[in-house]
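Student: Chain by chain, the residues:
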Amino acid sequence: MKTSLQKWMASLWTVLAAIILYWAFSGLETHAVNLSETLPRAGRIFYLMATEFDSAYLPDLVAKIIETIEMAILGTLLASLLAVPFGFLAAQNMVKRLAGLGKFLLSLIRTFPEIILALVFIKGVGPGPLAGIFAMGVHSIGMLGKLYSEAIESIDKGPQEALMSTGANRIQQIWFAVIPQVLPEFASYALYRFEINSRAAAVLGIVGAGGIGAPLIFAIQKPAWGRVAIILVAIIFVVSLIDIGSGWLRRKLV
Amino acid sequence: MAQPANPTQPKKPSFKESGGLKSLLGLIALLLVYVAASTHLGIEPSKFASGETWRQMADLLIRMGPYERIASCKNANIVWGEPDADTEAPWSGKTDLDKVNAVCEQGKTLYWYRSDYLEEQVSYTRDVWGPLMQTLRMAIVGAFLGALLAIPFSLLAARNLVRSKAVYHTVRIILNLIRTIPDLVLAAVLSGALGLGALPGVVALTIFSFALLVKLLSESIEAIDPGPLEAMRACGANWLQMVTYGVVPQVLPQFLAYWTYVLEVDVRASTVLGFVGAGGIGMTLMADLNLTRFRNVGSIIAIILLLVVVMEYVSTKVRERLV
Amino acid sequence: MLEFRQITKTFPDGTKALKDVNLKINKGEFVVIVGLSGAGKSTLIRCVNRLVQPTSGSLIANGKDVTTMNEKMLRQWRTEVGMIFQNYNLVKRSSVLRNVLAGRLGHTGTLRSMLGLFSAADIDLAKRSLERVGISEKTYNRADQLSGGQQQRVSIARALCQQPTIMLADEPVASLDPPTSHSVMRDLKRINREDGITTLVNLHFIDMAQEYADRIIGMRAGEVVYDGPADKVSERTFEEIYGRKIRPDDLRGGVE
Chain G
-19 MKTSLQKWMA SLWTVLAAII LYWAFSGLET HAVNLSETLP RAGRIFYLMA
31 TEFDSAYLPD LVAKIIETIE MAILGTLLAS LLAVPFGFLA AQNMVKRLAG
81 LGKFLLSLIR TFPEIILALV FIKGVGPGPL AGIFAMGVHS IGMLGKLYSE
131 AIESIDKGPQ EALMSTGANR IQQIWFAVIP QVLPEFASYA LYRFEINSRA
181 AAVLGIVGAG GIGAPLIFAI QKPAWGRVAI ILVAIIFVVS LIDIGSGWLR
231 RKLV
Chain H
268 MAQPANPTQP KKPSFKESGG LKSLLGLIAL LLVYVAASTH LGIEPSKFAS
318 GETWRQMADL LIRMGPYERI ASCKNANIVW GEPDADTEAP WSGKTDLDKV
368 NAVCEQGKTL YWYRSDYLEE QVSYTRDVWG PLMQTLRMAI VGAFLGALLA
418 IPFSLLAARN LVRSKAVYHT VRIILNLIRT IPDLVLAAVL SGALGLGALP
468 GVVALTIFSF ALLVKLLSES IEAIDPGPLE AMRACGANWL QMVTYGVVPQ
518 VLPQFLAYWT YVLEVDVRAS TVLGFVGAGG IGMTLMADLN LTRFRNVGSI
568 IAIILLLVVV MEYVSTKVRE RLV
Chain D
65 MLEFRQITKT FPDGTKALKD VNLKINKGEF VVIVGLSGAG KSTLIRCVNR
115 LVQPTSGSLI ANGKDVTTMN EKMLRQWRTE VGMIFQNYNL VKRSSVLRNV
165 LAGRLGHTGT LRSMLGLFSA ADIDLAKRSL ERVGISEKTY NRADQLSGGQ
215 QQRVSIARAL CQQPTIMLAD EPVASLDPPT SHSVMRDLKR INREDGITTL
265 VNLHFIDMAQ EYADRIIGMR AGEVVYDGPA DKVSERTFEE IYGRKIRPDD
315 LRGGVE
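Chains as they are written, first to last, in my numbering: chain G, -19 to 234; chain H, 268 to 590; chain D, 65 to 320.
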């Protein structure tokens, strides 16, 4: 049963929410929402997508999609390996006081938008898949590092204590007692990250970091809606496949 | 009592049995994939061994801060300085071009910290306040509309509420398909279709939030205690009444928590949607980037980082109090 | 052989776990430490291999002070002290053999151990240790496929594989049923007899303490309140140690 204070608080929050919503809705330029204009326009575009479906583009499309997936694979591979030491450095049961610093660093890397990271790497190694791979890699290290550190912090500390009592050194303790416990979780997180990166790889191409993103933007700008349509279908198809496969693998791991 | 020494030692499991083969095949597959992918893409990771790559990236990052680049030389070390402080330096008193040559001869790249640049960057915040607010508005409206649409659909996507298997599976499949589209791709297509500005952004965020929320909410609904539902059904309540009195009270706190999380994700996403013309501070960022106004870009990035960090913090605190 | 001199342990939160403990343990003794939870039994035996660092006092083992040993000497010392735990503390996903081989980690170089290159002698020792506790048939099974009693046996084998001079057991039978508990205690006693390994066991079952111990040490609130041969101990003694009447759950029961 809610106390009257709680009820009062709830009404306060509701009023606040209503004010914010009003501010948000009214501030957006509603002249853009001219339904009588935009809906038929959208309808026309859907029509074009269906009728001018650019199946001729398929061979090039497949090549670009493969490139996109390869980017995601390499980026995830890179990150899943490099994130391991970061995960350990951010886990309280491994490095006590330093863990706070490690966590902060990881969250800094995570918050940096991938796109901008991609732009920086493009400046460094030039446009193309390499920039995208490193952008995804670095961003994923931030994400995976956090997940890894949480996995490490949640392990059973008993086996490690037992190995310490036999005279094993720190590295041996980690290798024999910690790693066997966390490895399946690490792999599961890496696969999950791969699912997300395969989407990110499609996006990074928009700024020139390789993959299907660039052809997509060109198609939108022409506009060649038939091509946009087939690219979208391809993305949906491939990402769905990856999701299904990765989900199956992850279930087998845990 | 412990058994005497076992005459028959257990047979050591063969390499295949102990799962060694599976792991080995897995590793080989991974290695092959790595080799195939990198050769196909024509990647030279060795590019990272060269200092020039790092210097180029550092150059961009530095110029996003309050620094003036005096001279940029190939294969040179980065050096910092103060304006006109080094009167002894070889470049003092020279014209710009000679200055550059003098610096490069020394094998250095020079940047100067300028406090007036810093002031400029901070005051730029005022200039981008409009687009920033637009970003927030987009996120809020998108999350709200998405939630509105999500509520009825999540009821359809919950196994324990939908009697028809066909409906359940159809909804599930459509939902999964929507979630495979990256939000930026959606925004790009919509902005091409609906024109530049906040509208495509809001629509993209609505769809994105909708799909995410339905997934989270339907899983929540599927996990509720069936007891109250059965009780409702038993006393003759119709489907709608069952939902209102049996489901809603149980999932309300979780729904609010999920919605807060979705709002956080939306704010993060809306900052970059502008890259493809879907409104908000991303468009300003793109414009500044194209005009190579890197200090402005730096300001905007700092603002975005701050916004996301604050959003994440607030979201975590609110969710803690809800659950 | 093992001497506690004025060992005191105060934890950071203020708890005084051990207060000025003085003990001399002789080689080959089978000592059982009894006391209520929180009496300091766990803390006491963990001082022996310095899993707990005493706040003050010294612990002399074979002429060296454990409390002041450096990293390297400490690890060397720990290889001589085998320990088994209430929760067995095996690496669940690893095989039994690998768990037992972990007893040799202190003697094997880091890189070699990580690559699994244990010497043939080590592997042989591990197998023989498993034989001694009567669980050879499970050598290649995954540790989590074993029952509680079997897992405890494996952990004893791991300790044996160290070829220790001292064996510590922290409530080794608290998670096991009565027949299995007695089985494990019998193994510990047999190993103590056969190898002459000084054994320190924490128990809160007083009937088991009487049955298996050579010497009983009673602890209460961080202090040693009783120290004498097992055959001189009566129910009265335990009541004094515990500071209350004996209850049914202080007894294990169920001798096989």
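Keep in mind that the hints were calculated from the coordinates and are not lab data. There may be inaccurate statements among the hints.
[To be verified] Only pairs whose alpha carbons sit at most 30 Å apart, straight line, appear in this in silico DSSO-like list of lysine-lysine:
id, chain 1, residue 1, chain 2, residue 2
1, G, Lys232, H, Lys584
2, D, Lys80, D, Lys136
3, D, Lys296, G, Lys137
4, G, Lys137, H, Lys289
[As the list claims (entries may be wrong)] Chain H regions said to be covered by chain G (calculated; three or more residues, Cβ under 8 Å):
id, region
5, 293 to 303
6, 322 to 335
7, 404 to 416
8, 460 to 466
9, 570 to 584
This structure is a prediction, so every number in the text was calculated from the model and none was measured. A virtual CB, placed ideally from N, CA and C, is assigned to each residue, including glycine.
Student: When I compare C-beta atoms, does the region 570 to 584 of chain H have three or more residues closer than 8 Å to chain G?
Tutor: holds (count 5)
Student: Cut-off 8 Å, C-beta pairs, minimum 3 residues; does the coverage of the region 293 to 303 of chain H by chain G stand?
Tutor: With 4 residues close enough to chain G, the hint holds.
Student: Apply the coverage criterion to the region 322 to 335 of chain H and chain G: a residue qualifies when its Cβ sits closer than 8 Å to a Cβ of the chain, and three qualifying residues are needed.
Tutor: Answer holds; 5 residues pass the 8 Å Cβ test.
Student: Would you mind confirming whether the straight-line C-alpha gap from Lys137(G) to Lys289(H) stays at or under 30 Å?
Tutor: At roughly 29 Å apart (the allowed maximum being 30 Å), Lys289(H) and Lys137(G) satisfy the hint.
Student: Using C-beta distances, would you say chain G covers the region 404 to 416 of chain H, given that this needs three or more residues below 8 Å?
Tutor: holds (count 5)
Student: Taking 30 Å as the top limit, are the C-alpha atoms of Lys80(D) and Lys136(D) close enough?
Tutor: It holds: about 29 Å lies between the C-alpha atoms, which stays within 30 Å.
Student: Hinted pair, alpha-carbon criterion (30 Å max): Lys296(D), Lys137(G). Please report holds or violated.
Tutor: violated (39 Å)
Student: Please verify the coverage claim for the region 460 to 466 of chain H: does it have three or more residues whose C-beta sits within 8 Å of some C-beta in chain G?
Tutor: holds (count 6)
Student: Hint check: Lys232(G) vs Lys584(H), CA-CA at most 30 Å. Holds or violated?
Tutor: Between Lys232(G) and Lys584(H) the Cα gap is close to 35 Å, so the pair fails against 30 Å, i.e. violated.
The structure fails to meet hints 1 and 3 from the earlier list, while all remaining hints are met.
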